[in-house]
Amino acid sequence: MIRKGKILSHEGTDPSRWQEECWKPFVAGHPERAEDFQSASGIPIDPLYFIDPADPGPGEFPFTRGIHPSMYRGKLWTMRQYAGYSSPAETNARFRYLLQQGQTGISVAFDLPTQIGFDSDDRQAHGEVGRVGVPINTVDDFDELLDEIPIDSVSISMTINSTAPLLLALIVALARRREIDPARLRGTVQNDILKEFIARGTQRYPLEASLKLVVDVIEYCIEEVTSFYPISISGYHIREAGSTAIQEVAFTLANGITYMEACRDRGLDLVAVGQRLSFFFNSHNQFMEEIAKFRAARRMWADICRNRFGIDDDRACQLRFHTQTGGSTLQAMEPANNIVRVTIQALAAVLGGTQSLHTNSWDEALSLPSEEAARLALRTQQIIAEESGVTDTADPLGGSPFIEELTDRIEAEASAIIEEIDNRGGMLSSIKDGFIRNAIEQSAYESQLASDSGEIRAVGTDQEGEIPEAPFQVDATIEKTRHDQLTHYRSQRDAQTAESALTRVEETARQGNNLIEVMVEALEAKCTLGEVSATLAAVFGEVQDHG
Numbered sequence: 057m058i059r060k061g062k063i064l065s066h067e068g069t070d071p072s073r074w075q076e077e078c079w080k081p082f083v084a085g086h087p088e089r090a091e092d093f094q095s096a097s098g099i100p101i102d103p104l105y106f107i108d109p110a111d112p113g114p115g116e117f118p119f120t121r122g123i124h125p126s127m128y129r130g131k132l133w134t135m136r137q138y139a140g141y142s143s144p145a146e147t148n149a150r151f152r153y154l155l156q157q158g159q160t161g162i163s164v165a166f167d168l169p170t171q172i173g174f175d176s177d178d179r180q181a182h183g184e185v186g187r188v189g190v191p192i193n194t195v196d197d198f199d200e201l202l203d204e205i206p207i208d209s210v211s212i213s214m215t216i217n218s219t220a221p222l223l224l225a226l227i228v229a230l231a232r233r234r235e236i237d238p239a240r241l242r243g244t245v246q247n248d249i250l251k252e253f254i255a256r257g258t259q260r261y262p263l264e265a266s267l268k269l270v271v272d273v274i275e276y277c278i279e280e281v282t283s284f285y286p287i288s289i290s291g292y293h294i295r296e297a298g299s300t301a302i303q304e305v306a307f308t309l310a311n312g313i314t315y316m317e318a319c320r321d322r323g324l325d326l327v328a329v330g331q332r333l334s335f336f337f338n339s340h341n342q343f344m345e346e347i348a349k350f351r352a353a354r355r356m357w358a359d360i361c362r363n364r365f366g367i368d369d370d371r372a373c374q375l376r377f378h379t380q381t382g383g384s385t386l387q388a389m390e391p392a393n394n395i396v397r398v399t400i401q402a403l404a405a406v407l408g409g410t411q412s413l414h415t416n417s418w419d420e421a422l423s424l425p426s427e428e429a430a431r432l433a434l435r436t437q438q439i440i441a442e443e444s445g446v447t448d449t450a451d452p453l454g455g456s457p458f459i460e461e462l463t464d465r466i467e468a469e470a471s472a473i474i475e476e477i478d479n480r481g482g483m484l485s486s487i488k489d490g491f492i493r494n495a496i497e498q499s500a501y502e503s504q505l506a507s508d509s510g511e512i513r514a515v516g517t518d519q520e521g522e523i524p525e526a527p528f529q530v531d532a533t534i535e536k537t538r539h540d541q542l543t544h545y546r547s548q549r550d551a552q553t554a555e556s557a558l559t560r561v562e563e564t565a566r567q568g569n570n571l572i573e574v575m576v577e578a579l580e581a582k583c584t585l586g587e588v589s590a591t592l593a594a595v596f597g598e599v600q601d602h603g
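Each residue of the sequence shown is one higher than the one before, starting from 57 at the first, in the numbering used here.
These aren't lab readings, by the way, just hints derived from the structure by calculation. Honestly, I wouldn't trust all of these hints.
[Said to hold, decoys possible] In the DSSO-like style, the derived pairs of lysine-lysine whose C-alpha atoms are separated by at most 27 Å in a straight line are:
1) Lys131 with Lys80
2) Lys536 with Lys488
3) Lys488 with Lys268
4) Lys268 with Lys582
[Unchecked claim] Label-pair restraints from in silico Cβ distances:
5) Ala392 with Gly455: 34 to 42 Å
6) Gly85 with Leu263: 38 to 46 Å
7) Glu461 with Gly257: 35 to 43 Å
Glycine residues also receive a C-beta, built at the ideal position from the N, C-alpha and C atoms.
Please model the entire structure based on the sequences and the hints provided.
Here you go:
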């Protein structure tokens, strides 16, 4: 018999631990959330339903059912739409528009030169400036990007990895310019370089040097930018590269293990590290499997933190995660069908207990999203939150035999993959010998064979018809505009001050010390992102992706 969350005793049983240890303390601190919920037909809705009151509920280790006792009764997920366009001003306009429409967090997409560490006027950047995101070279660019946006109250997520230390330095420099204590900054910098070696290829420095920079960011945030999440360990791009859901969980958590080990080797407090880690997952069309995937990942990470790293602080064992709907699932044929795909994927993320969500726009298979499509993507989240009723009780599908079986199977199979990685010498060894990339490529190949054979198909793609014209076009003059702006920027700075700042970056890199503060100082001295990146490359060397 399913027993309701409000029932404190039933057929002679003792009060549930969850009621006494989680729900009652939460309500005591949030009396406004204690009101009764009911369905449209007037059926009372309890905060939690469970088969066995002795089983851990949401907010209880190992957090299978969610990391907060109240889940969405207490607070909805952050609605964070990802955007980046040809210029900081254009991107700022989109951010402000989405905030006016009810978005609750910002997510910045950067162009490829910025992601790798090249200024917009570098010959290596030719043809890519402003193409897949916003170009950011200077603290002035960053100031323009976030003009009239209160960076101490709006959460800002930055999808950046190789140059994550520099983007963190930029937001710290901007906070100081605006006379804001960096400790008040809220948001996330992705800073997950291992998945770049695995799945994306925007790494610039060798593996060991890149990992060192990741730990620099984590250490600096723990000490100085204390409300900022210094890493978002990303399965999203692993899945987009062709992995299965099980591989997405396994490889992401294996990367997390590697970062924890590196922080331990640096001498950092793993409780402090664990409390500031976040994760980033994909959500695809296999609705029930995706829900189970999120539940399994939470349980696995809690077990890893407790048993592998000996962390006894429950909060430091929580897997907090952002979700983005599956970009690779979007289709250019009959693109309006993507609205349905995104809705299914977003609902899976919510039922899986996400803390933050981006919903792709229906036209992203054609171009960067139009304003109307971006608004509809945001409205999709708002309708799920306000009209569907799925937020009225925590983990509404928990206890479903199908969900529980899928959760157990995903946990078992993903754990077996992690064990294999351990047996191969860990994630760094498995990246270097190609094991991880080969596994992803094999899964992608098998998926393509299934698509080619007709075993799987996307609805609406087997009909004849023209692909619609892309609704958004990149400004063809952007490279010249950026070149002229950088020329002017450099002409206005004190050249000797900038050169001295770059020298301090080089010296700090050679000494092996934390680089973030000297990067902040270099950007304040009007050095550019590309100049600081080139300085690091001169010390660490450079790598190219040949995958």
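Structure-based check of all given hints:
1. Lys131 with Lys80: Satisfied, since the Cα-Cα distance of roughly 16 Å is no more than 27 Å.
2. Lys536 with Lys488: Roughly 39 Å separates the two Cα atoms, so the pair is violated.
3. Lys488 with Lys268: Holds. Lys488 to Lys268 sits at ~17 Å (cutoff 27 Å).
4. Lys268 with Lys582: holds, 25 Å
5. Ala392 with Gly455: 34 to 42 Å: holds, 36 Å
6. Gly85 with Leu263: 38 to 46 Å: holds, 45 Å
7. Glu461 with Gly257: 35 to 43 Å: The hinted range 35 to 43 Å holds for Glu461 and Gly257, with Cβ atoms some 36 Å apart.
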